[in-house]
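Trainee: Given the structure of chain A, go ahead and fit chain B onto it with the hints provided.
2 protein chains.
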Amino acid sequence: MSGEASFIEKLRAIATIPAARGLRDDAAVLDVGGTRLVLTHDMLVEGVHFLPSDPPTSVAWKLVAVNLSDLAAKGATPLGALMGYTLRGDAKWDAAFVDGLKVALDRFSIPLLGGDTVSGGERVMGMTLIGQAMDVVPSRGGAREGDGIFVTGVIGDAGAGLDLAQAADVNGNNVLVKAYRMPVPQIDAGLRLAGTVSAMMDVSDGLLLDAARMAEASGLAAMIDLDTVPLSAAYRAARGVERADRLAAATAGDDYQLLFTSNRPLPALPCPVTRIGQMIPGHGVHVHDSQGGVPLPQSLGWLHE
Amino acid sequence: MSGEASFIEKLRAIATIPAARGLRDDAAVLDVGGTRLVLTHDMLVEGVHFLPSDPPTSVAWKLVAVNLSDLAAKGATPLGALMGYTLRGDAKWDAAFVDGLKVALDRFSIPLLGGDTVSGGERVMGMTLIGQAMDVVPSRGGAREGDGIFVTGVIGDAGAGLDLAQAADVNGNNVLVKAYRMPVPQIDAGLRLAGTVSAMMDVSDGLLLDAARMAEASGLAAMIDLDTVPLSAAYRAARGVERADRLAAATAGDDYQLLFTSNRPLPALPCPVTRIGQMIPGHGVHVHDSQGGVPLPQSLGWLHE
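Line by line, the protein sequences give chains A and B. Each position in the first sequence, counted from 1, maps to that position plus 9 in the numbering used here. Each position in the second sequence, counted from 1, maps to that position plus 9 in the numbering used here.
For reference, chain A alone in the conformation it holds in the complex (with noise of 0.2 Å):
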C-alpha cells in the first residue's frame, strides 16, 4: 500500500460518521438543521497540481473550479467558501492570484467567508467550500445494472492542455491550454441532474479511473465504448481518433466533467452530454471500441497525490 493509501485508511478508521461517507465521496454531506450542508476541501501545490509557469490567475481559477466541481457532483449550491494560502514573497504573483480568484468567485457567485495565510517554502494552497444540496444528494454508489453511463461535455482537452501548457511557447489563448489552466465545473449540470442519477461524480483524474472507482463504489463493472468517449474538435485536430488517442483523452485526468449513471430520461441541460457505456454485472472497467475489446493501459488514470 502506498503511503498516500495507507494514511487514508487510517484517516478512514477516525471518519465513522455518515456524514463522511467514508471519506470516499466528492464531499462531506452534512444536516444541519434542517440543512443539508455539502463540504468539500482541496489543495494544489505547484509542481504537483499545476505547472510553475501557469499564470497565477488561472491557478486561483483551478483551486476555485476542482472544489466547485465536487459540489456539482453532489448538486450543491456554493453558499462560501474559505482559503488557506502560504504568502513566499513575490507580491506580484500573490496579487495577480487575488484578482483571479475574485473573477472566479464572482463568476459562480461564491462569496469569500475567511481563511489563513502562512509563508511558505513552496507555494501551496488550500480552499474550503460549503454548500447546499437539495433533498437527493448523489452518491458514487448508487449505480444499478443496466443503468446507462453518461459524461458531460468533452474528455480529454486538459490533459492534451497540460502537454501542451509545458512547452516553452506555450499559447495562453489554445482551447486545450484553457481547458487544462481554466476548467470550467458543471455546477448547472450538477443541480438539474442531482435528483434524476443514480449515481454521480466529477472526472478529476481520469474518466476510466474515476468510472473504475464509481463501479468499485456500486458494487458493479462500467463498460465502456471507447468510440462514444466525447472528444473535441481541437483535440482530435491535435491529437488524432485513433484508439490510442482515444485511450489518452479517457485516461488523462483534469476534465472536471460529470460522470453520472441513469436509466430514466435525462433533464435539459445546458451542456452537451453523452451516453457512454453501461453499468454490468462484475467489477472493474471493460473498454471496447469498434475493433473490439480494448486492452486498458497500466495506469487508468493520474493517482496524484
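No wet-lab data here; the hints were simulated from the structure. Among the clues, some could well be false.
Any copy will do: because identical chains look the same in the list, a pair fits if it lies in one copy or spans two.
Capping the alpha-carbon separation at 20 Å, the derived lysine to any residue pairs in SDA-like fashion look like this [to be verified]:
(1) LYS187 <-> LEU173
(2) LYS111 <-> VAL193
(3) LYS19 <-> LEU218
Mentor: Chain B alone, transformed into the frame defined by chain A:
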C-alpha cells in the same frame, strides 16, 4: 505595508458579505436556513508554527486546538472538521500524526468529515472547522467604554514552553512545554460566555497584541494592569514575576485563552478567569503596573504569517 498585509487587504476587497466579518474576526458567521454556522480555517507550517522536533501527535493536537479556539471565541459548538495535509514520504511521522488527530478530535467530539492529501516538499496542514453558534455571536468589536477586560486561564506558559522546546534535551512532560505543544482551547468557557460578553476573541498572537486588536475593532483603548495578568506557578518559577517577565508573558502568544470584555456579572466558568483591565476612550493599548506606566515593547506579539 508588508506582503501579508497587502495580500489580506486585497482579499478584504473581495470578502464583502457580512458573514466574512471583513476578515477581521476569528471566524466567519454564516446564517443558513435558520442555523448560525461558524467557519474557520487555520494552517500550520513546519518551522513557522511548530518545531521540526515537536512530536507529530502534538502537532495534530495543535492543528485541532488552534481552529477550535476560534470557535470558542464565537461560543460555537463544533460540527465537523476537514483537513488538508501534505505527505512528504515519512510514513511513520504521518501515522503518528493521525493517531494524535484521533485523540484531539475525540477529546473535543469533532467528527472528521473529509479533506485532501497532497504530496509536498514541506509539512503544511490546514484545517477547516464548522461549528454551530447560538443566537448571539460575539465579535471583537463590541467592547464599550468602562467594560472590564478579562482573560481565561493563564498567560505566557506556551511562550516559555516554546523556549524550552527548542532545547536539545526537551522534557515533553514539562507543563510549559505541554502548554506550547498541546494548548487546550476554552470551548466550554466560550459557550457560557457568548451571551454575556460585549466582545470576545482568542489570544493567539500575544495578549497585548490581541487586546490592541480588540480595542481597535471597538473604537476604544485597552488599559491593562500588567500585575494582574495571570501567570502560572510554573511560569513564575521558570521566568519570574518582574515587569520584564510579565511583559514577556503578555507578548509571547500561543496561549489560546479567551480575551473578553463585559460589564455584567460573569457566569460560572469551568476555568479561572481574571480581570486584567478596562476599556477606555482613545486607541491602542496602555499598560501599567504598581510602579506606574509600562513602556510598550516594540512588538506586542507575534505577527506570524
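Trainee: Taking the hints in turn, state whether each one holds.
Mentor: Evaluated hints:
no. : hint              : in the structure
1   : LYS187 <-> LEU173 : within (10 Å within a copy, 52 Å between copies)
2   : LYS111 <-> VAL193 : within (15 Å within a copy, 36 Å between copies)
3   : LYS19 <-> LEU218  : neither (23 Å within a copy, 39 Å between copies)
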